[in-house]
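Participant: Work out the full structure, taking the sequences as your base and the hints as a guide.
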Amino acid sequence: MLNQLTISELTVGLARREVSAREVMQSCLDRIASVDDKIHAFISHNDADALAQADAADRLLAAGGVKAERPLLGVPVAIKDVIAVKNQRLNCGSKILGRFISPYDATVIEKLRSAGAIVFGRLNMDEFAMGSSTENSAFGVTRNPWDPTRIPGGSSGGSAAAVVADETIAALGSDTGGSIRQPAALCGCVGLKPTYGRVSRYGLVAFASSLDQIGTFAKSIRDAATLLGVIAGHDARDSTSVPRPVPDYAAALDGNVQGLKLGLPKEYLIGGLDPEVKVAVDAAVKKFQELGAEIVEISLPHTDYAVATYYIIATAEASANLARFDGIRYGARVEGADPIELYGRTRGAGFGAEVKRRIILGTYVLSSGYYDAYYLRAQKVRTLIRRDFLQAFEKVDAIITPTSPTAAFKIGEKFDDPLQMYLSDIFTISCNLAGICGVSLPCGFTQAPKLPMGLQLLGKPFGEETILRLGHAYEQSVPWQREKPPL
Amino acid sequence: MAAIEIDIKYVAHLARLALTSDEEKKLASQLGNVLGYIEKLKELDIAGVEPTAHAVPMINVTRPDEIRPSLPHEAALHNAPAQANGLFIVPKIVE
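Going down the list, the protein sequences come from chains R and V.
Numbering of the first sequence is given in this note's numbering, commencing with residue 1 and proceeding in unit increments.
Numbering of the second sequence is given in this note's numbering, commencing with residue 488 and proceeding in unit increments.
Bear in mind the hints are in silico, worked out from the structure with no lab data behind them.
Ideal placement from N, C-alpha and C gives every residue a C-beta, glycine not left out.
There may be inaccurate statements among the hints.
Pairs of lysine-lysine residues, derived as BS3-like cross-links and limited to a Cα-Cα distance of at most 30 Å, are as follows [said to hold, decoys possible]:
hint	chain 1	residue 1	chain 2	residue 2
1	R	Lys95	V	Lys513
2	R	Lys450	R	Lys287
3	R	Lys414	V	Lys513
4	R	Lys410	V	Lys512
5	R	Lys95	V	Lys512
6	R	Lys414	V	Lys529
7	V	Lys496	R	Lys414
8	R	Lys484	R	Lys287
9	V	Lys527	R	Lys266
10	R	Lys95	V	Lys579
11	V	Lys527	R	Lys278
12	R	Lys278	R	Lys410
13	R	Lys414	V	Lys527
14	V	Lys496	R	Lys95
15	V	Lys529	R	Lys266
Sample of chain R residues at the chain V side, in silico, Cβ under 7 Å [to be verified]:
hint	residue
16	Arg386
17	Pro418
18	Gly435
Facilitator: Set out below in structure tokens:
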């Protein structure tokens, strides 16, 4: 089935004209029609537009095949509902944006289009990227393709589920505290969060501006590398994007990891870790040793403070970023006698519970009398957390951890206990605080029920080549990639 | 970790969020727990530590102060809940 192929496999077939872009896109749309009512990965998708893009790709393919500057020609890539695509609805999983139509393309969308990709679909997500389960969407819950009674993870749950269910060849998501890596682990695919500043945030609806990064969901490390090469790069329209050349990420994937040093943080292997996850990650560590990497025990002493630090900084930034949703210039509006009443009612009606929780928390920690005790203190702890990683990276080339302490839990299980939900981000959250890169890839399945587990590789700032190199070598030596959910 | 009490009504007003009294109660309880957990940050000695506002080595990224094409007027108004004469309509602000 064409929709089950990877980017690498498809681009060969498309260039040889063995298969058409239209056939590929149709295969994805057929799959969506067949399974999306069970998993609800998509909020919406415009089939006619997708097929029109495919036809345009076919015309280019007939004229001269896949060129180096169009590495994604004819490849369908679906988009998390938090990224602006011109003339498409942009809701961020929320009611407050009403029937908002984006007047512009995000930079990453422009780049995907230049590379020839077929940009389609609005993928479900936790509202404004706040959540770890995709239970906080105003557009319904997304379900894990491996077990529809369980969460797919979040906030990019729709992106992960769509890739794993073969509804799309690849997808974009966003990651602020783990929102790409955790759903990738829980659904069973590759999820890559680039270093902060590697990919432009222009056109990404902001949650926490110092933590957000757009990243990729793919069926293989090579695909993730290809996609990263397309979306990465300096952008004058994002003043936090870093003017650093984009290397050929796929070229680093030669399978050789001899002598690379892999750090094992002792703080990550205690307490709350599911025994099956521990066994799987231990086995992966042995596999890396077999492949020639050297394992080094390291310490990240401030690990225990990461969740608390994150939930001050991220919520503070979110409270500022979400102030713009006021019913005046766009989105839904509830009328009021004066602007204050209008704002209060519009935001009260338009935001979901988790978003309100975080806005209140963020407003509180920034408010007069509390700023020093909370926000300023958290920013200083952030320095300590970043230092832990930079010091570790003087000794090792990459760090290996579980992505999530457990496999996917049941829908509804943690919904009423926000603190429990926040604590499940323990392994992914430090990466965003420290501004480093991270990738999650499949490392096995739990026994009963059969659910995916992920391992995480963390790399130094702009060290994506190293973590992709390590991930690729591991991926090629294990059978997990070939397993498909019983949908 | 003991829960902390927070003046939800006051903070909600700062955030321009109209909450029902049920929401206020629930939020007070849930956020009280979260803040209780966050207290652990006070264990750390942060003397002499500089805050990290963002993790990239970039400062003062500017461009020349020149007019460049931006979102056309019509596109900016396109999603407005209420508009007239090329303006956003709002409730009366000043008496």
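Participant: Hint by hint, note whether the structure agrees.
Facilitator: Going down the list of hints, with the structure as the test:
In summary, the hint linking lysine 95(R) to lysine 513(V) is supported, as the alpha carbons are separated by about 21 Å, within the 30 Å threshold. Restraint check for lysine 450(R) and lysine 287(R): satisfied, since their Cα atoms lie roughly 22 Å apart, inside the 30 Å limit. Note on lysine 414(R) and lysine 513(V): the hinted pairing holds, with a Cα-Cα distance of about 15 Å set against a maximum of 30 Å. Our distance criterion of 30 Å between C-alpha atoms is met by lysine 410(R) and lysine 512(V), whose separation comes to about 26 Å.
Restraint check for lysine 95(R) and lysine 512(V): satisfied, since their Cα atoms lie roughly 23 Å apart, inside the 30 Å limit. The hinted pair formed by lysine 414(R) and lysine 529(V) meets the criterion: a straight-line CA distance of about 27 Å does not exceed 30 Å. Between lysine 496(V) and lysine 414(R), the direct Cα distance comes to roughly 26 Å. Compliance with the 30 Å bound is thereby established for this hinted pair. For the suggested pair lysine 484(R) and lysine 287(R), the alpha carbons sit about 22 Å apart, so the restraint of at most 30 Å is met.
About 20 Å separates the Cα atoms of lysine 527(V) and lysine 266(R), which keeps this hinted pair within 30 Å; it holds. The hinted pair formed by lysine 95(R) and lysine 579(V) meets the criterion: a straight-line CA distance of about 25 Å does not exceed 30 Å. With a C-alpha separation of about 27 Å, the suggested pair lysine 527(V) and lysine 278(R) falls inside the 30 Å cut-off, and the hint holds. Note on lysine 278(R) and lysine 410(R): the hinted pairing holds, with a Cα-Cα distance of about 20 Å set against a maximum of 30 Å.
Only pairs whose Cα atoms come within 30 Å are accepted, and lysine 414(R) paired with lysine 527(V) is accepted, the gap being roughly 22 Å. For the proposed pair lysine 496(V) and lysine 95(R), the alpha carbon gap of about 23 Å is at most 30 Å, so the pair holds. For a cut-off of 30 Å, the pair hint linking lysine 529(V) to lysine 266(R) stands: about 23 Å separates their Cα positions. Checking arginine 386(R) against chain V by beta carbon gives a least distance of about 6 Å; that is within 7 Å, so the hint holds.
Hint status for proline 418(R): holds, given a least beta-carbon distance of 5 Å to chain V, under 7 Å. The criterion of a C-beta within 7 Å of any C-beta in chain V is met by glycine 435(R), whose closest approach is roughly 2 Å, and the hint holds.
No hint from the list above goes unmet by this structure.
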